[in-house]
Amino acid sequence: MLLDLLHWLVLPAPLGARRLGYVGDSVRLASRARRCRAAWAPHLAAARDTVRAAMADLPRRDTAVVLGSGGLDDVPVDDLAAAFRRVVLVDVVHPWRARLRARRHRNVTRLTFDLSGTDGLLLGRGDGLGPALPPVCAEAGTDLVVSANLLSQLPILPVARLEAAGRLGPWEAGEADAFGRRIVTAHLAALAGLSARICLVTDRDETEEDRDGWVLERLDLLYGVDPGPAPRSWNWVLAPFGEVSRDRRLVHRVTAWPDWRPA
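Position 96 of the sequence shown, counted from 1, bears residue number 181 in my numbering, the numbering being contiguous throughout.
Worth double-checking, as some hints may not be accurate.
As the list claims (entries may be wrong) - Each pair of labels, with its calculated beta carbon distance range:
| hint | residue 1 | residue 2 | range |
| --- | --- | --- | --- |
| 1 | Ala263 | His190 | 23 to 29 Å |
| 2 | Gly298 | Asp134 | 42 to 48 Å |
| 3 | Leu208 | Val300 | 21 to 27 Å |
| 4 | Ala141 | Gly205 | 20 to 26 Å |
| 5 | Arg303 | Asp164 | 20 to 26 Å |
| 6 | Trp319 | Arg104 | 33 to 39 Å |
| 7 | Gly298 | His190 | 16 to 22 Å |
| 8 | Leu185 | Ala258 | 37 to 43 Å |
| 9 | Gly298 | Arg104 | 27 to 33 Å |
| 10 | Gly106 | Glu260 | 28 to 34 Å |
| 11 | Arg210 | Leu185 | 31 to 37 Å |
| 12 | Ala274 | Pro325 | 17 to 23 Å |
| 13 | Asp305 | Gly106 | 35 to 41 Å |
Rather than coming from a laboratory, the hints here were simulated on the basis of the structure. Even for Gly, the Cβ is constructed at its ideal location relative to N, Cα and C.
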């Protein structure tokens with residue numbers, strides 16, 4: 086607990102990201118990743134392999150952009166840095182361990198950007214959604230854009246804020262699911278408009294299971310949005326037994342596309 090507080094205090098981040106809770110979410114995620122290292126290992130390895138598959142046969146490797154770079158546990162940043170002239174890591178918060186790993190490579194840079202497009206809305210600076218992607222994604226030299234375990238994460242905090250506040254701009258609490266679906270749809274639509282190759286990795290649903298394998302609850306993490314049939318899929322034990330409950334665990338179904346295009 087004290088270590089998490091220290092990380093929260095010293096982690097560089099915009100004031101808005103602190104006010105909205107993104108820094109706290111980043112610290113808690115890093116803490117869970119440490120506790121669940123063994124359970125997460127297969128998922129992280131599969132995600133990194135998907136990115137490697139995406140870059141394997143690219144005819145040109147000028148710029149690669151990683152959206153939702155986070156702590157870089159699911160991103161083969163060393164491989165990307167070796168293969169591309171420039172690598173841009175994009176997230177609303179860049180944890181210290183990611184900053185240190187990025188500093189090993191002179192061609193890796195960080196970009197702080199709210200990929201949900203809701204920061205203006207949540208901070209009272211507007212009443213609509215902002216851009217879903219930074220301009221670097223659409224630059225002529227960008228050959229690969231990776232959406233790294235990001236899609237299902239984008240609506241979490243904005244939807245929670247809407248439900249707590251009762252209203253955000255034109256959105257009311259009763260429209261929380263529609264609000265979440267709008268955020269997911271906007272990200273996919275923005276990716277679909279790019280000329281670069283798109284590598285998409287996302288969890289689709291969450292199941293709560295008991296020790297006998299019974300599914301106690303299932304949650305659609307994409308609010309009914311379907312990115313299409315995926316060539317790769319696997320289970321991610323997000324919270325093994327003992328993490329959130331002694332006799333229950335949380336399992337996410339992950340789907341991945343080395344080269345995604347809308348169906």
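Practice problem: Identify every previously stated hint that the structure contradicts and give their numbers, smallest first. | Solution: When the structure is compared with the hints, numbers 1, 2, 3, 4, 5, 7, 9, 10, 12 and 13 turn out to be violated.
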